[in-house]
Structure formats: structure tokens, C-alpha cells
Amino acid sequence: MKNVIRWPGLILFFVVVIGLAVLIRVFAGPLLKGGLEYGLTRANGAEVNIARAQVHWNPFGIELSEIQVTDPDQPELNRFQASRAQAQIRFWDAVIGRIHITELNVRDVAMGVERARPGRVRADYQSEREPMDWRQMLADLEIDIPSVDQVLARSDIRTPALVERIEADFTAQRTQVEQAREQLPPRERIEAYRTRMQEITEARPRTPQELLELRQRLEALKTDVRADRELVRQFVDVSEEAVRVLRTDLEALREAPAQDLARIRQLLSFDQESISELSGILFGPRVEQWSRYAFMAFDVIGPMLARAEEQETRPSRWVGRFIDFDREQRPTFLIEQAGISIHFLDTTVTSDWQNITWQHDRIGGNPTTFILNSTASDWWSELYFDGEFRLSELRGFSGRQDWRVRGVNLPEQGLLDQQGVSARLLSAAMNSEGRVGIQEGRIDGRGLIRMSEVDMRLDGEARWAQILSDVISQVNAFDMNVSLDGPFSQPGIRLRSDLDNQLQQLLTTALRQEADTHLASIRSDLDARVQSITSTWEPRLQQFTGLRDQARDQNALLADLLSIEADDLSLGEQLEDRLRDSLRRRIGG
Amino acid sequence: MLTMLARLLKALNAETSPWAIAWAFVLGMFMGLTPLWSLHNLFILFFALAFRINFSAFLLAFVFFSGLAYLLDPIFDYLGESLLTTGALEGLWVALYENPLARLFQYNHTITLGSFVFCVLFAPIWLFASHRLIVLYRHRVMARFNQLKIVQIVKSTKFFSTYQRISGLRGS
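Residue numbers (our numbering), protein chains in the order written: chain S, 298 to 886; chain H, 10 to 181.
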């Protein structure tokens, strides 16, 4: 035996093994810290820091302090941070590489918090989304509010041109009327025609010779009347045209100043297109930050679980793989119960989670569920979030989330500070509700954010900022429709808000108020021009109308005279009877 | 490394038991061919330290087989996967899966199981082959070997002086 055993070697072995065990026991915390930081950094894609890690041996558990998870897309921010995380873990499961946490408590979770220094991003990290740069869009908008002078310079005031055209029209019409009037037969001649016709029609011829003579007089009279009637009719046509033109033009002239002012006002309306994205610029980053809280499950835990799953199944001939013989289908990672307290608006709310894993098929298809239900506090009257998600080999990542938020008192916060323009939300009350669903890894949903009792302030050097500053303080309520679409880990957020419409209307009103003095002066000038021409031509129109009416009367009279035919003239009745008897005797009747 | 090689030559040329060297080669093969950070290698190390086998031979075999393992890993992976997916053995694997100790030995890892089974099967052959080669070396090769010009050149090198220094220290 003495020859077989090498005692120094045996002693050295035990010294080394026991020494290692003691070292592991003593330095379990730092070792765990290093291991977790390395593993979580790989899963997250950017630096993960843990200030301190402790291992509790009986009952077995770990405790982590000051956890900071860098946002790989914005390394200066933590996508997630917590002051303390405490987990009760099944020891023998952990020994064989199966993480089964019976209870997890995470305190003071916060998201989007600025880091002391930017975190390192792994070289192999690939963002799944182009970050939406809300602030860049401010420059893209090229907001330009024109001055009143600019508007007047490009406004098309038509009244003066109309005055000139109408004056020329009037002069031409007057010339034509006067020329036609000079051709009119004198009134006395018309009266003479009537007298002559009266004599002819009242005459009682006693013989056919007298009747014949009378008819010849009638034809001579009608020939005279026809010549004059043509002149009268020409005057009627000319005067009717003149009255029509004058009447139409005067009517157009009276309306011209109002139409010009309406056109100027139209130009003073603010271009809605250029302001349609302003609400997104003002509230986009804030809504994005709120959504980080609202979609914490999908934004933080979901991607990490999915990434962990991807890393788990990567077979290689050179490194081998572990084959699973778990016929009980137990998950390799499971947190049965978790309480996560979230630090939000200087208050802490706790969310309850169940079945956090990426192997939902192994827990009977039960989803990971989470619920946050907070009753009234100083900051809100109701806060309710609930949802579930599951990772399935068949259906991929799927889930849903509903939320309902009532009476949230938003504290003062910055909205925008860019390009010499700063905007702050001084106070507001917020209600919101909505639902998002996830199918095959894609998120799709929408929600409504109702802001009331809004007090906003905007400062800036630009002229548009100064005008906007005045009008934005008049907005006290608006709605924002939020829609989400895209990969669940990096959903794109779109905002549509009636704030844009309100601002557009208020800006237009402000512009018009600014322009009112100028517009009154323009109106007065245009009215004076119109008044000048109408005062001249209104009596002319009356005159033309009178002349037209007289000519119409004369024309009617002459038409009556011409309507009398030669057949209308006849012998007297006694003569007719005598002629009839004589004719009867001659023919023997 | 030179020291270690010198010690091996010393062991081969000295009266160290051929079995002690052969067992060292076997244990070195186990540690070299199987993944280093496996629990069974703790036992291999225990045997190598606690029993009177030639530790230099063990370390050199470990280094040699570690290099060879990089080439053989795909074969071990194939062998391990074949064993682990054999229907007849499924009951055994399933039973072992519930045993934490078996899981610590990483029996369900394809390369670990494949390389370990290969070592177990190859160990007797390698043990006796090593023993036979050492004996042959001592009886037939060593005398002729010493007469070779190349050996004489080697004897004039720093390596040989190291070898002699170690021999002198040991007083043999």
C-alpha cells in the first residue's frame, strides 16, 4: 500500500480541492456577480452592471443590489434598473443547470433612467429597429409662419382691377346707349302716329272707294311706323344690355372687397401639413418613455427570454450539445412567482408575475402572466395593467396586454429642448386605455391617451416658436391616438393627435388677429374705391333703366299700331246691308 | 516542457515501473480527450496525484491528447449523440437525468459521453500497448537508440544537459 499511494500527491489534491471549495464559498458573491454580468450582458446586447451579489446557502438564494441594464439602442440610458433583486432558488436544480426560482422580488424598478456613464454595447448587437428620432423631425417640419406683410405681398387683391374694368365697361355701355338714343324718333312723332291710326280706325267709309283709300292711308302709316320701330327696338336692345351689364358689374363690385378679404384670410390660415407631426415631436419621446413602463414585459423581459432561448439551442459538432431527457418536461428556466415593484412618479407600485419562462410548452402551455392593479394614490385614481405572453415552438412569441389608467397627475417635465426651442409640460391629468396583441413575434395594438387640465409652456427665439408659445398656453385638453406596430422587442410607435388641429386653428386665429388691423385698413380702402364708382354709376343705372322702360313702352305702342291690318277696316253696317240685298237680287236668291 | 520531456526519458530509461508510466498515459488520455472542465476529470486528477504513477508522463499524455481532441471532437460528438439517441438506452438516460450526480458528470453532453466512452473502450488497449512499448524500448531500442548520431547530437544539446542535471539531482 505504501508503494501504491503517493501521500504528498494525495494531500496536495485534498488541499487544492478543499481550498477551492472554501474559495468558492467565500467568493461566491463576486463569482456570481461576474458570471451574471457576463451572461446578462450577452443576453441584453449591452453592458449589465450589478453592484453586489450575495449567495445565501440556507435556504439557498441569491440577492443582487443595484442592477443596471444598459439600453443597447441608447447606451446613455438604462433600459431597466432595480435597487435590489432577491430570489429563492432550488439548489439541486441549480447544480444541474436548471434555474427554478420559487420566488423573486425585485424592488424599485425604473426604466429609461440616465446612467452615470454610457454603457458598452456588444459588437455583435444588432438593433432590430431604426430608433425613431422625434427631435430630428422638428427640423424636418420647417415650420414657417408668414408675416401679414408677406401674406399681403402674395395676396391677389382683385377689387382695383375690377373697378378699372367695370369703369371701362360702363363707359362703353353709356356710349352705346347714347348713340342709340340719338337715333330714337321724337316723342311727338310717335304721338302723331297714334293720332293718325286713331283717325284711320275710327273712320266709317260709306263707299268701297273710301274704304280703299283708307286702307292705303293705313299702309302708308305702317311703313312710317316700321322704320321708327326698328330704331326703338335697337335702343331697347342696347339699353337692356347696358342695364344687365351695369347691374351685374355693380353687384360683382359690391362683393369684390369681401372676396378679396376672404382670400387674404385664407392665406393667413396655417398650413396644416406642416404642423401635423408637432404633437409627435412634443410628446413622442415622452410617450415612448411611458410605453417602456406600459410594455415592460415585452420591452425588457420578452427580448431577454427570446435571446436566451436562441442561445440555448445552438448545436455544434465542435462544442457538442446537451440532450434533454426530461420526460417530465420541466423548464430549464422558471420563475414561479415574482413581485416587481416599479418606481414611477416618486411612488412605488408592485406588479405580480407568474410563470416567467421561455419554455411555456413545458409548463402545460400556461402563459407568463402579469398584473399591476393600483388603487387611488396621490398620483392617480386607477392604474391597471394585465397581460400574458408565451413562447411556443408552434406559434412563436404571442401574447396580449390591456391597460387602463385614470386620473394620473403628471408632474412638470420637459418635452423638448432642441434648436433653441424648449417645451415643458407644467401639469396635466392623463387618462389612457388600450390593448396590444402579439402574434408570431409582431406587436400590433392601439391606445388612447386623453390629456386634460393641460398646462404647457414653449419658449424659443424663432418667430414661429413665439407665436406657438402664445397659442400653446390656450390648449387645455387633447387626445392622442397611439398605435404600435413591429417586432415585439422594438415596436414602432405612431402618434395622431387632435392637438395638431387645435394648434393649427389657434395659430390661424392668432395670425388673423395680428392681421385684423391691416385687414380693416384694406377693407376701408377697397370699400372707398367701390363706393366711388357705385355712387357714380348707380344713378346711371337708374337712368338707363328708365330709358329702357320708356323705349319698351314705345316699342309696345308701335307694335300695337303695326298689328292693325287692312282687313280690319270695313264699310259701315247700313252700307253693308244695302250691298247684300242688291247682290241677292242679282243672283236671284 | 523540456524538463518534463527529460523527466519522461529518465523514467523510460530508469527503473520506473512500466505499468506506472502506462497508467499515466491512460489517465492523461482520459483528461486530454474528454472536456477538461468535467467532474470525472477531478477523479482522474485524484488518481494521478494520489497513486504512484509517473506524473510527467501523465501531463505529457494530457497535452498530447488535448491537441488530438480538437480533431476528434466531431467523432466524439457523433458517438455521444448516437449513444444518447439509441432507443435501447433511453431508459437508462432518462433515469440518470433525474440524478443530480449524473447531471454533474454531464453524461447527456454528446462530446463528454462520446469521448469518455471512447476512452473507456480504448484504455485497456492503450494501457497494454503502452506497457509493451515501454518494455520494448528498454530492452531493444534504448541501446541502439543511444548509438544513433542524432541521439549523440541531442546529447550535446541543452536538453540533454537538463536531463543529466535532473538525473544527477535524483542521484540515480
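Check before you lean on any hint, since a few could be wrong.
Distance ranges between label pairs, derived from CB positions [as the list claims (entries may be wrong)]:
(1) H:LEU113 to S:SER780: 49 to 59 Å
(2) S:ASN706 to H:PRO109: 49 to 59 Å
(3) S:THR399 to H:LEU77: 19 to 29 Å
(4) H:LEU105 to S:VAL323: 25 to 35 Å
(5) H:ASN108 to S:ASN778: 22 to 32 Å
Listing some non-contacts, in silico: residues in chain H with all C-beta distances to chain S over 10 Å [said to hold, decoys possible]:
(6) LEU51
(7) PHE55
(8) ARG61
(9) LEU93
(10) PHE137
(11) LEU142
(12) SER170
Hints in this document: simulated from the structure, not taken from any laboratory. Glycine included, each C-beta is placed from N, C-alpha and C at the ideal position.
To see whether the hints hold, each was checked on the structure:
Between LEU113 of chain H and SER780 of chain S the C-beta distance comes to about 51 Å, which sits within the given range of 49 to 59 Å. The hinted window of 49 to 59 Å between ASN706 of chain S and PRO109 of chain H holds, with their beta carbons roughly 54 Å apart. Evaluation of the 19 to 29 Å hint for THR399 of chain S and LEU77 of chain H yields a failure: the beta carbon distance comes to about 45 Å. Taking the beta carbon of each, LEU105 of chain H and VAL323 of chain S are about 32 Å apart, inside 25 to 35 Å as hinted.
Between ASN108 of chain H and ASN778 of chain S, the C-beta spacing of about 58 Å breaks the proposed range 22 to 32 Å. The claim that LEU51 of chain H lies off the interface is violated: its Cβ sits roughly 7 Å from the closest Cβ of chain S, which falls inside the 10 Å cut-off. Distance check for PHE55 of chain H against chain S: the nearest CB is about 5 Å away, which does not clear 10 Å, and the non-interface claim fails. At roughly 5 Å from the closest C-beta of chain S, the C-beta of ARG61 of chain H falls inside 10 Å, breaking its exclusion from the interface.
Consistency note on LEU93 of chain H: stated as away from chain S, yet its beta-carbon is not over 10 Å from all of that chain's, at 5 Å minimum. Residue-level check passed: PHE137 of chain H sits 20 Å from the nearest beta carbon of chain S, beyond 10 Å. Every C-beta of chain S lies more than 10 Å from that of LEU142 of chain H, the closest at about 23 Å, which supports listing it as non-interface. Its beta-carbon lying about 28 Å from the closest one in chain S, SER170 of chain H satisfies the requirement of being farther than 10 Å from that chain.
Violated hints, listed in ascending order, are 3, 5, 6, 7, 8, 9; each of the other numbered hints is respected by the structure.
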